[in-house]
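A.B. asks: Sequence:
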Amino acid sequence: MTKMLDNISREIESLALETVMLDTEDVPSLGKTVKSIESIIELSEALKEQALISISKAMKEYIGSVILRETTDLVPFEKGISFMQKIAGDISKGKSYEGDISELIAGLSHQVNDELESSGDKDIETDTDACPANISAPVKINDEDREIISDFVVESLDNLASIEVKLMDLEQDPGDAETINAIFRPFHTVKGVSGFLNFNKINKFAHTVENLLDKARNGEVTINGEIIDVILESVDILKTMIENVRSSLDSGMLSEGNEDTGSIMLRIEELISPTSKDKKKRLGEMLISSGTVTEADINEALEIQQKKPEMKLGQILVEHEKVKTKAVVSSLREQKRADAIETLQVKVDTVKLDNIVDMVGELAIAQSMLRQHEAVLNNKDRKLIQITNQLNLITSSLQNTAMSMRMIPIKNTFQKMLRLVRDLARKAGKEIQLVTSGEETEIDRNLIEEIYEPMVHMIRNSIDHGLELATERIAKNKPAQGTVYLKAYHKGGNIVIEIGDDGRGLNRERIVSKALQSGLIKEGEKLTDAEIDNLIFHPGFSTAEKVTEISGRGVGTDVVKSKVEKLRGRVDVRSFADKGATFYIRLPLTLAIVDGMIVKVANERFIIPTLNIQESFRPQKKEYFTVKGEGEVIKVRNSLIPLIRLDRLLGLNTESTSGQPKAEPWEKLVVVVENQEKKKCLLVDELINREEVVIKSMGGWLKDIKGIAGSVIMGDGRVGLILDIGSIFQMVSRES
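Heads up, the sequence shown is in my numbering, so the first residue is 1 and it goes up one at a time.
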């Protein structure tokens, strides 16, 4: 007897679990559900539990109706499971169920007939102990309901948390059926359970999103950026609604809150309907359908347009005061948005794309060589000059287009950080929100892969070291919830990524103390705030008092620095006490091209990246000094900056062999360069030109030459070398 009771309880719980994931169009799953019910009927008959037998048989017939597409509503079926669970609970306690099941049985039978007769849905009343009443308005809850609803809240939030990362995967591969199903299931689960608990607003909203995803599963809707955005927004709204339920549990008056879902549900319905396949709506049709103008107004305007074809329809309507400018602009924007949805995308193998970029780079080099060829420079043929100029324009345009093909928005990377911040905040026991801006900023596809790890390290630092606990923030008159900021924008031919927080800022006293202990600085050494802040980029440097699961091992900021510098970028930090710290990662827009100043040193040409250049000038004799312990320096606006003779450093010095006296700095030019808040003057013979040049690989044997970051082919066919300013600074430090 006991074993039989255990078996029937297990079968009912198994059926309840199946129902949560049940899809009314998944016939094999529905068939499996029928078999589960038949097992329950068999066990009920053995136990002679008439109530359970009656409910089971009614539910079996109901699922049969679902299979026959006579109904798609699973709510009555889910209520039947609730009764089953209550009856099984009573039996296990040795009691016989004495409740009234007639209304439930009638509900299971009438629901199908109601749908077939198209007379609308009717609410089926159940035992109030099985689930709470309709939750449109606040209602009191008992302890049994509280436990069920609490489980629903926890499970739903966990399910929704898994969606964001999967959406990022889906954006990379919109046709991945497995990922679409993985996103569909959490919405389906929330819909099913919320319907059972009578959370009607949550149920209706989740069902609307589920319909959109179901269309995507069946190939009726194509996943695009707009759909991804809508689903992400839907996840946020559902979370808010479920959090409202959680909050209301404490007060004892259950409520879903008053979250506005009307506008987004309308957007979802527009995405579900196949409007993108219909012909484009005309302005007049849009204004009529919105009730802004009458059909007579449009006909009158069209008659005027026939006489004055140069005038636009919207212009005529505005001039004749039939409509306001704002309404026309709004309709035109809606028309443009519809056009954007129809935009076709073609996937191209990244290897092919890189080959195109490389070939265009070779074309640009060949075009530059042609332009600087002596025969072309001395040519007087006007036609040839015209053709050459046209070739220059086409090549430049083609190069820009090819480079733009490698560019993708940084949005995906930013959105991946949402989950990271949530998880780290939970581990740190802090309340943290992530605020992003500039998500549409484009960056080289290869760069985006390399920058992910440095961004993770910076966010870890902000959460673990920067942001305070809620109690500490409140004591400082700050909001209990801390904020991590992510921002991206283009500036001066580069992309800048800001990662900051509104926390305590860098503790400069502790940084100096740790630096003294580790021997990075000497006692009494005077450092600026910027120099103190930059000490955190030294390998192994950490001010953490203890190692946590998040950070504290001293392997974060130095990794960021080395990664960014390998990408020909730089990282800076600014900090303000109790206002927070911000890290600035500056990178070239692309790894394929470098914007640089071409300089001549001895008989060779080098490229200095403009990212590192501060200024260039010819120094006067009175600005040149030799300082003990520092060597040669140039005075630049009251600052003494060390001088680097590139010809000597790179082994190009020809003074000893040429018999020429050593050239003095005031006879040459200096280029002031900066790296990690430190400046030096590079002595060069000549500034040739500023150009965007295509970077060429140095090859396996030459890739580790100190001071050199890469090479380029100049317009005359000669090779120029790109200077690695960070490496040059290190070479000078080792020499001194």
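These are computed hints drawn from the structure, not numbers from a lab.
No residue lacks a Cβ here, since even glycine has one placed at the ideal position from N, Cα and C.
Honestly, I wouldn't trust all of these hints.
Taking lysine-lysine and the DSSO-like style, the derived pairs with C-alpha atoms no more than 27 Å apart in a straight line are [claimed, not checked]:
1. 678 to 526
2. 352 to 307
3. 679 to 668
Now the in silico label distances, taken between C-beta atoms and shown as ranges [stated by the list, open to error]:
4. 529 to 386: 53 to 61 Å
5. 426 to 18: 30 to 38 Å
6. 383 to 177: 55 to 63 Å
7. 148 to 578: 55 to 63 Å
8. 429 to 731: 22 to 30 Å
9. 307 to 219: 47 to 55 Å
10. 394 to 526: 55 to 63 Å
11. 577 to 481: 15 to 23 Å
12. 354 to 383: 35 to 43 Å
13. 578 to 429: 38 to 46 Å
14. 527 to 637: 18 to 26 Å
15. 153 to 358: 51 to 59 Å
A.B. asks: Mind listing which of the numbered hints don't hold for this structure, in increasing order?
C.D. replies: Violated: hints 2, 7, 8, 13.
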